[in-house]
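Numbering (full-length UniProt numbering), first residue to last: 1 to 635.
A hint or two may mislead.
[To be verified] DEER-style ranges, computed between Cβ atoms: (1) Pro280 with Asp538: 54 to 64 Å; (2) Asp624 with Leu414: 37 to 47 Å; (3) Ala568 with Arg210: 26 to 36 Å; (4) Ala195 with Ala627: 47 to 57 Å; (5) Gln13 with Ala468: 33 to 43 Å; (6) Ala607 with Pro12: 40 to 50 Å; (7) Glu193 with Asp538: 35 to 45 Å.
[What the hints assert, rightly or not] Here are the computed lysine-lysine pairs in the DSS-like style, where the Cα-Cα straight-line distance is at most 25 Å: (8) Lys350 with Lys591; (9) Lys587 with Lys541; (10) Lys418 with Lys389; (11) Lys587 with Lys350; (12) Lys418 with Lys596; (13) Lys350 with Lys389.
Hints are computed from structural coordinates only; laboratory data are not their basis. By construction, the Cβ of each residue, glycine as well, lies at the ideal position given by its N, Cα and C atoms.
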Amino acid sequence: MPSTHLHPPTYPQAYSQALREPEIFWAEQAAGLAWHTPPTTILQQDADGNYQWFADGRLNTAWLAVDAHVLAGRGEQTALIYDSPVTHGKARISYRELAGRVAQCAGMLRDLGVNKGDRVIIYMPMIPEAVVAMLACARLGAVHCVVFGGFAAHELAVRIDDAQADVILTASCGVEVDRIIPYKPLVDAAINEAAHPVRHCVVYQRPQCRAELYSDRDLEWQRALANAEPAEAVPVLAGDPLYILYTSGTTGKSKGVVRDHGGHAVAMRYSMRVVYDMQPGDVFWAASDVGWVVGHSYIVYGPLLAGCTTVLYEGKPVRTPDAGAFWRVCAEYGVKALFAAPTAFRAIRKEDPQAALAHAADLSRLERLYLAGERLDPPTWAWLEEHFKRPIIDHWWQTETGWAIAANPAGYGLQAAKMGSATYPMPGFEVAILDDEGLPVAAGAQGNIALKMPLPPGCLTGIWGNPARFREGYLNVFPGYYQSGDAGYLDSDGYLFVMGRTDDIINVAGHRLSTGEMEEVLGAHSAVAECAVIGIPDELKGELPLGLVVLKNEVAIDPDTLSAELVAMVRRDIGALACFKGALIVKRLPKTRSGKILRRIMRQMAAGESFSVPSTIDDPACLDELAAQLGRADR
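Whole structure, please, built from the sequences with the hints as guidance.
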């Protein structure tokens, strides 16, 4: 295996070199990979101004993720641990076995006419076949587009048409805590709605619910796979697309983020060492889903490229069977680093506020907890630090970047942490805080978080089929910078504080206030499990903040009393200028399936505006409850 020595040896040296000598810095990182043809051009810019890393290099990401480890003599190491409390299934798959399964699945796809550059939709639950399918596409140089299993038929149809995908890999069903979701009717409806014809639909039959196969288009995964011969890995150019991943746009229309092979492989391996300090053989668990970017980067590609053991978990942080589920998995498999969204830990805290189930588990091999996906509120951070006595690392990144823009770099040695901060920008990301005119603001002042171009390897190379949308959405607002869409500030020590999306800044009588700052205050109340602050229209002041709070389990408090206490806390910690007048107790907050709170929709509700329900919403029914409460709040 290539050396895992870090060059340069310290974070300040690495960050400085990545800014001053980016081509030298990233050439050193790229040299750790076994390229089919090593790159000689490290960074180039085309006539349209687009950047490309390692343009003339050739490689195969799937081969690097599995076959390379087998050739290095580590084929018997466990590559993938599958744990499914909802089906009571468990499996350990070695690198050698995974390599064989990926090669055979690639052969099945080749038999279906899938070639380099073709797009394949993967609509699967959290089962090993989902990982195999992703790697099999990469092995052929095909472009995979993973869609979260159970997404609505219409949203799946939109992705079929946008990606022009003519092969779908799916399963007969998904299994939830309290129900089974048949996938085939959803897939059939999507195929019927899509304008682009689908030639083949391959269905992995699960015993919990078998799917009906209706035509020559439908194939049973198990049978098609059994008849396939293994396919060799196809070397591709570094700039060739590895995958398309759809993310919600500001207009509500999904956009397909494109990730390349070369920059992605370099960034994944580098980030596993630098951000997470993971070495070959270590057990890494990203408690997410392969339908999200966290699943792509840190369930599948990152850990496998780094030679780690990755955990694929088909369950929830609570109710499978209880709030001790995460700690049971960590103890059973010796997880070294756990990565989850703050909402997962808030759910655990709500069910088990004293962390009794965690204290009962053997977490001796768990070294660090990582959180991302939304802002880590200080009360959750404090709860984790109190009960786990190990580093709690908040880091910030996006679907578009694919890896951490800012983090506490464990691989270079952990820096002193500051509650509420994602710590420092990672090497390759030059962060600027700009006002609305694009001018830098002073340290400590809030503004738009922007990233100076070029972005480092691993970030998006464009929007599928829509280069204009890429430029308009990310590059044109602040020329020379990538617009992150998030607001925050850099303090005098260079720590980055991400306060929320720029549309979560509210304007109260001319004062720009961060809802995230107010949420910190509300979340510190002993009765509050989680909260959100939105701006509601006000004729005099423009907007006024309103708090929406979910109570901890078994907490009883008079709503008026709670509201008065929260008002007093905001006035004390932020000041009267916040004009915080009260809070509503709600049963639940609307969230995406990845745990992000849908503040924009709540704000539109409160303003009486029309809104579109995003395809990523976890529980659409909660919107009706909120609509009634927000209607009362607006009077």
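Consistency of the hints with the structure:
{"no.": "1", "hint": "Pro280 with Asp538: 54 to 64 Å", "result": "57 Å, holds"}
{"no.": "2", "hint": "Asp624 with Leu414: 37 to 47 Å", "result": "45 Å, holds"}
{"no.": "3", "hint": "Ala568 with Arg210: 26 to 36 Å", "result": "59 Å, violated"}
{"no.": "4", "hint": "Ala195 with Ala627: 47 to 57 Å", "result": "34 Å, violated"}
{"no.": "5", "hint": "Gln13 with Ala468: 33 to 43 Å", "result": "39 Å, holds"}
{"no.": "6", "hint": "Ala607 with Pro12: 40 to 50 Å", "result": "46 Å, holds"}
{"no.": "7", "hint": "Glu193 with Asp538: 35 to 45 Å", "result": "42 Å, holds"}
{"no.": "8", "hint": "Lys350 with Lys591", "result": "16 Å, holds"}
{"no.": "9", "hint": "Lys587 with Lys541", "result": "29 Å, violated"}
{"no.": "10", "hint": "Lys418 with Lys389", "result": "16 Å, holds"}
{"no.": "11", "hint": "Lys587 with Lys350", "result": "13 Å, holds"}
{"no.": "12", "hint": "Lys418 with Lys596", "result": "23 Å, holds"}
{"no.": "13", "hint": "Lys350 with Lys389", "result": "19 Å, holds"}
The structure does not agree with the numbered hints 3, 4 and 9 stated previously, though it agrees with the rest.
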